Structures are given as structure tokens and as C-alpha cells.
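A.B. asks: Sequence:
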Amino acid sequence: MKCYLTIHLFFFTLFTGPIAQQLNSAEIFQNIKKLNVLGNVLYLAAHPDDENTRFISYCANEKLLNTGYLSLTRGSGGQNLIGTEIREELGIIRTQELLSARKIDGGKQFFSRANDFGYSKTPDETFKIWNKQKILHDVVWVIRKFRPDVIVCRFPLDGKGGHGHHTASALLAAEAFQISSDPSKYKEQLQYVTTWQPKRVVVNTGRWWNDKISDKDPTVVSQDIGGYNKLLGTSYNELAALSRSMHKTQGFGSTGKRGEYLEFFEYLKGDTAKGNLFEGIDFTWQRISREDISYLVNGIINSFNIKEPSQSIPKLIKLRKIIETVDNEYWRKQKLKEVDQLILQCSGLFIQMTSLSSKKTINDSVSFNLEIVNRSNLKMKLKSISCKNLNFSKKYDYDLLENKVNNLKNNTLIPINIPISQPYWLVNEPKLGSYDVDSLFLIGKAENNPSAEFEIVIKIGDIIIPYKRPLIFKWNDPVKGEQVKNWIISPKVTANFNQDVLIFSDHNKKKFTVKLIAHSDNQKGAIKLSTPNGWKVIGPKEFFLLNNGDQQDLEYELFPENNAVSGTLSVDINNQDAYAYKTIDYDHIAHQTWFPKTKLELSYLKLNIPLKKIGYLMGAGDLVPEYLRALN
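According to numbering that gives the first Met the number 0, the residues represented by the sequence shown are 0 to 631, in order.
Please keep in mind that the hints were generated in silico from the structure rather than gathered at the bench. Hints may be right or wrong, so weigh each one.
PhoX-like, lysine-lysine: derived pairs with alpha carbons at most 20 angstroms apart [stated by the list, open to error]:
hint	residue 1	residue 2
1	K268	K184
2	K33	K317
3	K514	K581
4	K540	K514
5	K256	K229
6	K382	K408
7	K540	K523
8	K144	K332
9	K540	K320
10	K514	K32
11	K514	K382
12	K403	K380
13	K473	K408
14	K403	K458
15	K393	K467
16	K127	K33
Fair warning: this is a prediction, and the values are worked out from it, not measured in the lab.
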């Protein structure tokens, strides 16, 4: 038990930030074995926390399959047990909770553009609000990109899963299975991917709606996912509990279980499985007629030295050259990525790109440092550093000597066309049923690419390998130690209201504050507040902030006239929409910063409120008592 805790607390701690962990020898060996596995499985459901982390842990770590979870929504309609964030901010948190979960159980994470608009009684209602064809398009796109051999739904078609979103997720999976191989459907996708036909779709039947299910039932197979992984020092159910416990906003802290554990899978579409879920599917190199590669991988497995993983690198380099000859483009690219990461992990090569600032704005100068250490006796050279986002490129021919720390400092100007760092699904105002995202390259992605991503090109032996690293801000916390977060692009000036809503039941003036924060030097100009009809606002019209980081509180008074209309008060800074500066900081997810447009909701209610006492039972993240007080 002591060994288990040591491994997995270490595993979790290093994976919550934006940088990757150096694997230990057992994990490297696990990934070497994965080189011989060519297979994908996709779990599909409606919300964050709908996924079966037991199944994902088993598939990713026992079967060594590329295992993905497609959550149709980001969970912005859910509850929040740990804070007051709701709607878009809750969606950001739950997105990151899923990513933290996947970093523990080894899965990949995908999303559609569907918005979690709250509880829905029927799939028909859900499809009407979501726009069924739009979300079906996204499911087909993820299937064609990820190419799953098996799709596993969490919920059945008959509505026994409860929520209309749940049933809708299964209906979409069944329909997408039918059309993902049809070149006449969503033809614009085929510029970038090919059609794909999974082998089968099944429902991972839950005991809470069918407690009598058995693998003796027709078209039902079971899978024991309760195994123990000796390399990782944990059972898949224990690993799944750690993953499940990342859904903290939903109160899903879980206790690990040990021993045999059966999951049941019920036929939905495609070929019927009779003995086990994956029967009839070849997950070896033979599926693309390259059995020769499996012999090379077996040689690396058999000769692996747990004390000196770097001894495997010459054979990995040889394997890489052979994989480059593979005709199948999908598996060639997939396995080249895996080999490149194994070469890095076996060598202990440390690559990190840091900045002294956590954020910058357009036209600012940003400095950055590449720390790179070759922790093996292999001959390596740094050949170049580049970053498309920052229009930066520099060539080197720099020897990386064993265990010598190299710090290479550079700087550049931030291009004027670089966008502020914003969750891509929130750049445009979301609709009730879905997010407004047009780019195929973004649809399906869990989160944005880094605001600045560097490509570091290394020569190892006689091959050239590019490795990508985000630009990060790193600091030391006196309690938590080393901390990191992604470097971001911010507006020149941000504007935050000191409250989200102002409620009026009479014509008396109320005060509010706009906090301006400079994110670059010498910021000044005009500030304008725009109200709905029938409101009067009194206050400053100009601002001046001398230095980066300076703050200024502007105080205003506001009152409604008789014809006042409830609505939104917005802010312009120098004739452009103003953005608020918001951060989300919880220990179990990566630090988040986003810049929503600055808005204050105004509500004018003509009420005659008699004196009374109100007893109110608060819920999670509840702010209702504040609004009751605002109404006197």
C-alpha cells in the first residue's frame, strides 16, 4: 500500500500543471509494450462525470488501447459543490476536471459543441435545443479523426438513463456509427480525414437501471476490469477512483476497490460480440500487414533494462526508421509520436520553456528561457527553436553534454494579430443549445492550444526529432513549492465590476465600482458605460494607468427611471469592448484565466414588499440570500 500511494500521489501532483512528467522505468516499459498495440476505443456520453473511469483505466493501462472519452457537453448546467462558479465558469472547471481525470487514468478527452442547458426530460427536446445535425456532425468528426474500433455508450436508447441528454448521447452514437463511413455525409470533413467504420457500438449497461443484467443474456458480454497492474502498482479500480475523484464540483470523491469486477456491454450496432467486447478485432501490427515491426518491438521489450532505459534508444531509433516506411498514414503518425516520446523518456531529456512574466499584451516584448538537459550519455545536439505564434525562429548547432544544464535566453515582440487567451468555445457568445465554433480544427478539442508553443528540434544520433513545449510561467510557493501555469496573452486593460447583478425595486441610487487593471505600461483613454433604456449612470469618463499592474477603482452611481428596462450594462475602453479579468484556481485542476466581456446585469422589479421573515435553505454555490437582501 505504501508503494501505491507513493507512485500515484507523485503521478497526480506532476500531472495537474501544463507540463509533462518524466516517466519512471515501469511507466516507460508500459509504453514500450503499447508500441505493439494498434487499436482505439471511444467512450461516449453526455456530461463530465458520465464516463466509466473503471473501463477507461482498464482499456488504457491493461489493453494498452488509445482510449478516448467524448463528452458531448462541458457540464456548465451542473452543480458546484466547491465554489460559486456557475454556467460558463463551471464549464471551464469541469473541462479541466475531465482533463485531470484523463491524466490519471490514461485516456484522451474530446468534446462536441453541445451546451449543457440544464435538465431535459426527453431526447426530442434535447435535439431541438442542441440542433441535432450540428452535434451529430461533431460526433462523426471525432469518430473519423480518432478512428475507434469500438464505441461504448454509457446510456441506453430507451430512456432508462434518465436525463434527455443521456438518451440523446446514445442515439447520436448509433446514428454516427451508421454514417461515419459514408463519404456523402459531412463531405467538408474529408479534406482532412477519411471515412471510418467502427466494428461495433455497445451500451455499458449500468446496474442502477438494470440490476439483473448477466452475460447469459442474449447480445450481452462481460469484461473483468478489476485486474491489478504490477508495473503501476495499482488495480484499475483503484486508479479509476483517483480519476473519478477529480470531479470535485459534483461531489464524486471515490474509494478504490480491489479484486474481480465485471462490466456488462449490450449490443447496439455493428458486429455482435459473443465472447468478449473486443473479439474479431486485430490490435497487432498484422492489421496493417507489418508483422516485421512487432518483432522489432518484442526485441526492445525483451532487452529493456529497468536500471538503464537509455540502452533502448539505439533500437528505438532503428524502429523509428522502419515505422517511417509504413504505408498506413494514421498508424505511421501515431506510432512515430509514441516512439519520439519514448526516446525522450528513455534519455531523461529535460526540456522546459519558461518566461519571467505570466502574461503579456500585443506589441510587448517577451523574454523566454529554454532549459534543456541531456541526462544520458547519448550524443545530442540542439538544432533550432521556433514558435509560430510569436513569429520567432532561431537556429543552433549546440552540443548537449551529459547532465549539463543549458539555459538559452531569447526575446521577441508579441505580434499585433495574436488573439487574447480565451477558451475557444467562449470567444463568441454561446447559444442556448451549443457553442459558436466554426473551425474544424477546434471542434472536438478539449482546450486551446498554448498561447505560445515552441518547437525544439533535437538531433539524437543520426535522426532529427521535433519536440513541442508550451511557454509557461513558473514560480515557487512557500507552501506548495514549484508551481506552473500557462503563459497567456491579455488585453491592454481589463475592467471588472465589483458585483455581477444590481437589483432595484425603487428609484434610489446604488453605487458600484469598475476596477481597471493595466497589463501593459502607459494605458490611458476614454471609458464609456452603456445602459439599457431608462437608466441613468453618473461617474468618470477617463482613466490613466502608468505602469503594468497598476489598478484604478472608478466609482459610479446608477438608478432606474420609470421606463427602465432590465438588461445589461456594458463597458467600452477607447471605443472597444472591455474585457474582465477572471481567474479560477483550485488545487485539483490547472490554473485558469479567461477574459469575458465586461457586463453588469441590471434588473428593475416594481415590487411592494411587506415586512416578513424568510427562511431559506442554501444549496451548493448558492447566492440567493444576497439577492433577497438586495430586494429588502
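A.B. asks: Check each numbered hint against the structure and report the violated ones by number, ascending.
C.D. replies: 9, 10, 11, 16
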